Amino acid sequence: MDNRVRRCRPLLGTYVEIAAAGPADTSTLHRCVDRAYAAIEQVHGLMSFHSTDSDLSRLNARAHLEPQQVHTWTWEVISGALALSHETNGRFDISIGATLQSLGLLPGTSPTDRSAGFRDIELLDDMRVRFHRRLSIDLGGIAKGYAVDRAIGVLAEEAGVLSHAIVNAGGDLRVWGESAPRYVEVCDPARPLEDRVRVTMPRDAVATTAHDPDSSLEVAMSAVIRPADGRALQQYGSVSVFADTCMEADALTKAVLLMPDDEAERLLHAHGACALRLPASTARNTAK
Amino acid sequence: MNDARVLAGLIPLVVLTAPVCHAETYLTEDQAKAVLFPGETFEDVSVILNDTEIQRIEHATGVQVRDNRLHAFQTSGGGWILFDKVIGKHDFIDIALGLQPDGSVKGVEIMTYRESHGSEVRNATWRQQFVGKTDHSALKLDDDIKNISGATLSSNHITQAVRRLLRTWAVALAG
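The listed protein sequences derive, respectively, from chains X and H. Take the first sequence: its letter number 221 is residue 220 in our numbering, and every next letter is one higher. Take the second sequence: its letter number 52 is residue 54 in our numbering, and every next letter is one higher.
Calculated directly from the structure, the hints in this document are not laboratory data. Treat the hints with caution; some may be incorrect.
[Stated by the list, open to error] Coverage of chain X stretches by chain H, computed from C-beta distances (three or more under 8 Å per stretch; other residues unrestricted):
1. 71-84
2. 125-137
3. 236-244
[To be verified] Okay, the calculated beta carbon distance ranges per label pair:
4. X:Arg230 to H:Arg129: 27 to 35 Å
5. X:Arg225 to H:Ile147: 34 to 42 Å
6. H:Val47 to X:Asp112: 53 to 61 Å
7. X:Glu65 to H:Ser78: 46 to 54 Å
Small disclaimer: the values here were computed from a predicted structure and weren't measured. Ideal Cβ placement from N, Cα and C applies to all residues, glycine included.
Looking at chain X on its own, in the form it has when it is part of the complex (with noise of 0.2 Å):
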């Protein structure tokens, strides 16, 4: 019969489960725990845009100046964003920092041509990152589901240890192994906190983004900005979007909230992927 373990600690701004079960003892199990919390912290460490020495800030600040080294972690970031920034012809886009600090959704402002976006951004050899005209870049629509693959590819490798884990950031949440229980409880956008629906996983990853005009809770702020006018997306519900690795389910779902369903299908399916919309309460009270 395999301990089981059960952590909780916040960080990336809202609540980080992990959950490890295994054939070893209970204090093995959480010093695995703990490494796995160790490669969150480190994603956070080099994407966040509110600390002024991760490779996030210096990037915003220096690399229209000159090629920037990043860590590999943040190159693979930035990777996947602009390959699905060119997939989505610009519906997911990482270059809207500045947009997000106009919404005060960033802190501070940042000056930046505006004629520039995500294809000024180009990714040289040796890790390195150069922007080709002024830009703010934010990771926050990406970098949370990315965390949750590294502290997964950290509990994968315990595999003699552990028969089963399962990471949660915030509702961005990956399982591995076998024996590893595959539902996730996807929330009613309205009333997080009273009424969800159970579905079972048919990816290893989820990621949902909300947004509901009646919902009561204390969310992390974010926003889904428009492409066609750089405003932010109003009372869309929610989209849960199930992936083979969390980082591109979280970055598909502002993708298909963007998107008409039959765009959106395509989308999906060119990655192996399938996802849940959730109307808003404002349509939803207007069904028969």
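Once you've looked at the hints, dock chain H against the given chain X.
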């Protein structure tokens, strides 16, 4: 759009849940001690804060001190562990804060998370949209772990509590 929709695949919607007030215990006090300071022993240094100390903490942090009892231990390695209750808008959380000998943060662990909300009334329109889409044949109730997605709760009030506790340590326990 006024209905739940699945895109690009079949996602079995297994069952509707109507959760009641929910509490999750991750660690007991003894487990929190072992996780934050493995192998160390602990000496109880709990104190009652006096009015002057409370004023100093509140003045320095801008955060209200709700409880004058400080429940804390010093470790055999010279570190500290402080236990506290943090009250948020919808939750009531027990935390353990581990400090290095110099008072810097070693780790923060959530011990018990309690969610509270007013309404147990089931929302009919919420349930209606899933009619015909649920698959009870795959129902499993044997797992007590809730994996929740769609409510990205802010942990800012924990950050604020940690700031208050760091000042509390400096005022009441340090040196």
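Each hint, compared with the structure:
Here the region 71-84 of chain X counts 0 residues with a CB under 8 Å from a CB of chain H, which misses the bar of 3, and the coverage is violated. Judged by the Cβ-Cβ criterion of 8 Å, the region 125-137 of chain X is not covered by chain H as claimed, because only 0 of its residues qualify and three are needed. For the region 236-244 of chain X, the stated coverage by chain H holds: 4 residues have a C-beta nearer than 8 Å to a C-beta of that chain, and at least 3 were required. The given range of 27 to 35 Å is respected by Arg230 of chain X and Arg129 of chain H, whose C-beta atoms sit roughly 33 Å from each other.
Range check, Arg225 of chain X to Ile147 of chain H: about 37 Å between beta-carbon atoms, so the 34 to 42 Å window is met. Checked against the hint of 53 to 61 Å, the pair Val47 of chain H and Asp112 of chain X passes, with Cβ atoms roughly 56 Å apart. Range check, Glu65 of chain X to Ser78 of chain H: Cβ separation about 50 Å, and the 46 to 54 Å hint holds.
Checked against the numbered hints above, the structure breaks hints 1, 2 and satisfies the rest.
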